[in-house]
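K.L.:
Residue numbers (UniProt numbering): 1 to 590.
Incorrect hints may appear among the rest.
Said to hold, decoys possible - Computed spacing ranges between beta-carbons, pair by pair:
#1 THR213 / ALA315: 53 to 59 Å
#2 GLY68 / ALA271: 40 to 46 Å
#3 PRO259 / TYR286: 20 to 26 Å
#4 THR282 / PRO154: 25 to 31 Å
#5 TYR286 / ARG231: 17 to 23 Å
#6 ASN291 / ALA71: 20 to 26 Å
#7 LEU229 / THR282: 29 to 35 Å
#8 ALA315 / THR22: 38 to 44 Å
#9 ARG242 / TYR33: 23 to 29 Å
#10 ALA215 / ASP61: 34 to 40 Å
#11 ALA349 / GLY155: 33 to 39 Å
#12 ASP181 / ILE55: 31 to 37 Å
#13 ALA152 / GLU319: 25 to 31 Å
#14 ASP153 / ILE55: 35 to 41 Å
No lab work stands behind these hints: they were computed from the structure. This structure is a prediction, so every number in the text was calculated from the model and none was measured. All C-beta atoms in this analysis are idealised placements derived from N, C-alpha and C, irrespective of residue type, glycine included.
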Amino acid sequence: MPDGIGLSVGATTLAAVVVGRTALTRTPVLTRYPHRPPEVGVPSENPQLTERGLIITDFVDRVGDPVGIVAPDGSTHPGEAVLADALHALWRTVAPLGSPDDPIGVAHPAHWQPVAVEALRGRLAAQRDQAPVLAQAPLVSDAEAALTALQADPGLPTSGIVALCDFGGTGTSLTIADAADGYRPVAPTLRHLDLSGELIDQALLRHVLADLTEAGVVDASGTSAIGSLSRLRAQCRTAKERLSTTAVTTLTAEAPGRPHELRLTRDELDAVLRPPLDEFLTAVQYTLDRNGIRPSDLTAVATVGGGARIPLITAALSERFRVPVVTTPQPELTAAIGAGLTAVRALQAGPADEATQWAAAVPDQADTQLWDGADQPGSDQLGADPTGAAPALAWSQADDVPEVSDVYAPEPEFGAGAARPELGFEEPAPAGAAEPLPWYRRPQVLFAAGVVAVLVALIAAIVTLRDGDTPAPASTTEPTEPTTTEPAGTVVTEAPPPAEPAAPQPPRTVYETVPQTQAPPPPAEAPPPAQEPPPAEEPPPAEEPPPATEEPPPTTTRPRWLPTLPRPTLPTLPTIPGLPAPPAPPAEAP
Numbered sequence: 001m002p003d004g005i006g007l008s009v010g011a012t013t014l015a016a017v018v019v020g021r022t023a024l025t026r027t028p029v030l031t032r033y034p035h036r037p038p039e040v041g042v043p044s045e046n047p048q049l050t051e052r053g054l055i056i057t058d059f060v061d062r063v064g065d066p067v068g069i070v071a072p073d074g075s076t077h078p079g080e081a082v083l084a085d086a087l088h089a090l091w092r093t094v095a096p097l098g099s100p101d102d103p104i105g106v107a108h109p110a111h112w113q114p115v116a117v118e119a120l121r122g123r124l125a126a127q128r129d130q131a132p133v134l135a136q137a138p139l140v141s142d143a144e145a146a147l148t149a150l151q152a153d154p155g156l157p158t159s160g161i162v163a164l165c166d167f168g169g170t171g172t173s174l175t176i177a178d179a180a181d182g183y184r185p186v187a188p189t190l191r192h193l194d195l196s197g198e199l200i201d202q203a204l205l206r207h208v209l210a211d212l213t214e215a216g217v218v219d220a221s222g223t224s225a226i227g228s229l230s231r232l233r234a235q236c237r238t239a240k241e242r243l244s245t246t247a248v249t250t251l252t253a254e255a256p257g258r259p260h261e262l263r264l265t266r267d268e269l270d271a272v273l274r275p276p277l278d279e280f281l282t283a284v285q286y287t288l289d290r291n292g293i294r295p296s297d298l299t300a301v302a303t304v305g306g307g308a309r310i311p312l313i314t315a316a317l318s319e320r321f322r323v324p325v326v327t328t329p330q331p332e333l334t335a336a337i338g339a340g341l342t343a344v345r346a347l348q349a350g351p352a353d354e355a356t357q358w359a360a361a362v363p364d365q366a367d368t369q370l371w372d373g374a375d376q377p378g379s380d381q382l383g384a385d386p387t388g389a390a391p392a393l394a395w396s397q398a399d400d401v402p403e404v405s406d407v408y409a410p411e412p413e414f415g416a417g418a419a420r421p422e423l424g425f426e427e428p429a430p431a432g433a434a435e436p437l438p439w440y441r442r443p444q445v446l447f448a449a450g451v452v453a454v455l456v457a458l459i460a461a462i463v464t465l466r467d468g469d470t471p472a473p474a475s476t477t478e479p480t481e482p483t484t485t486e487p488a489g490t491v492v493t494e495a496p497p498p499a500e501p502a503a504p505q506p507p508r509t510v511y512e513t514v515p516q517t518q519a520p521p522p523p524a525e526a527p528p529p530a531q532e533p534p535p536a537e538e539p540p541p542a543e544e545p546p547p548a549t550e551e552p553p554p555t556t557t558r559p560r561w562l563p564t565l566p567r568p569t570l571p572t573l574p575t576i577p578g579l580p581a582p583p584a585p586p587a588e589a590p
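Could you put the whole structure together from the sequences, leaning on the hints where they help?
P.N.:
Written out as structure tokens, the structure is:
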């Protein structure tokens, strides 16, 4: 059985593993040569770096970036192309250590976006001529690969929730998986950047510099310390790795005159690591609460990555969540081992028909039927069909594939078993045709609205003049000469003779005018019921009598069959001293 080769991609470490045989790690630094294949790593890791070449760094986090990486010579290189060359260099290094038929699997960071994953897959496929095995390699996330490796050794719970913590060089990733559902993630991977290997190295370097400055060994503010600080930081990283297995270590600081040795303990490392670790534990608890995971649902915490070697991290996780913490002796290689196991399992499973895989996702007959197939005669399987019919095949294996239903067949009218109402479609208007005017913008409607507005204005004016102080309309009957004989129903009142002879007051006669029978009655007022005419009333005395008139105003006779209406009260006209009084207006018609 093949062992499988696994390659894992990390921001600070590239790992290659021949499962069960050997493993190696490289720093993500690629050196390209014009006359031979590129090499990956630094000279202290890779003995093949014997000559100068074009060095490209910081390419892992640039995969999928449309802006390429600018090399020292000014050339531009896509991040996925540089990473593909680095993976080819790793495969060429470990392939001789395994079998020729070992399958290869590649694990990428779980927090990568889909565009980065597709960019790397496309680049590996494009370089098929360099490494055909890599072009066909399954590309999985390092979280999935790590869970696969942990299931194989040392083992994971088969139920409950498993929290996978990947302590990497540039950040820590948290993946929550459901063990009962094949360890599938229940939420997207959480990336926590405040806890990383690089930040721990920087914090440890500041602690060492504070001790050296206090002792007067080194002046960190001087420019001469820049070269020594880079070497001191590398020593801090090495001291951090040693303190994972020992309690005390020493590092050497270059000081003017002679080197200075500094003693560093695990307690000092724990004091530097405690604040960011507490923040990460809080983030884990918040993620569990947000996804509705109770403390009793969490069955284990798995740790991978280089930071999983630190004892404080394991102790803090166990103390905080009260569950077992599962890890491996070499947690930085867990993802690469899982990628190799995934490649072996994919090789053993063989190529599967995608259509058949979809057809397999049918409901279980034993769960949907109420009868028990085991009780039927001739049946030895739970849920077997009692009729003896063969199980349903996938559509790609069936001999007689049913015809596709005619979805365009005519349907019954709506209301009589129709599945949906009949739809009607209007033909689109020809191009360039003017749209019809709405009804409120047509000329006929506008003209009618104008006529109505004019009529309303006229009626309002007439009503206003009628309600105000307006003269009564003139009678349409021709005036007749006054006679001594008055018709019945006519009331004639003569004014008393003037009191003073110097200003004789002519007699005033008040007449009631009745409209002719041809004129229609006013629409606004209805005639009151017939009643006896009230007695004649004397008009109020005027301040100054009007001038004498030679002829009395004409009278109008009223037919006897018309009822006598009450006489309205006439308004009193004001007079101006020194001017003759205005003539009295005729009485209004009822």
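K.L.:
Does each hint hold? Answer for all of them.
P.N.:
Going through the hints against the structure:
Between THR213 and ALA315 the beta carbons are some 32 Å apart, a value that contradicts the proposed interval 53 to 59 Å. At about 42 Å, the beta-carbon gap between GLY68 and ALA271 stays in the expected band of 40 to 46 Å. Under the hint 20 to 26 Å, the C-beta atoms of PRO259 and TYR286, about 46 Å apart, miss the expected range. Checked against the hint of 25 to 31 Å, the pair THR282 and PRO154 passes, with Cβ atoms roughly 28 Å apart.
Between TYR286 and ARG231 the beta carbons are some 39 Å apart, a value that contradicts the proposed interval 17 to 23 Å. For ASN291 and ALA71, the Cβ-Cβ distance of about 44 Å falls outside the hinted range of 20 to 26 Å, so the restraint is violated. Roughly 32 Å separates the CB atoms of LEU229 and THR282, a value that falls within the hinted 29 to 35 Å. One distance hint, 38 to 44 Å for the beta-carbon pair ALA315 and THR22, is violated here, with the actual separation near 32 Å.
Between ARG242 and TYR33 the Cβ separation comes to about 35 Å, which falls outside the hinted range of 23 to 29 Å. A hinted range of 34 to 40 Å for the beta carbons of ALA215 and ASP61 is consistent with their spacing of about 38 Å. For ALA349 paired with GLY155, a C-beta distance near 22 Å fails the hint of 33 to 39 Å. Evaluation of the 31 to 37 Å hint for ASP181 and ILE55 yields a failure: the beta carbon distance comes to about 45 Å.
Checked against the hint of 25 to 31 Å, the C-beta distance between ALA152 and GLU319 comes to roughly 28 Å, which is consistent with it. Separation of ASP153 from ILE55 is about 37 Å and conforms to the stated range, judged on CB atoms against 35 to 41 Å.
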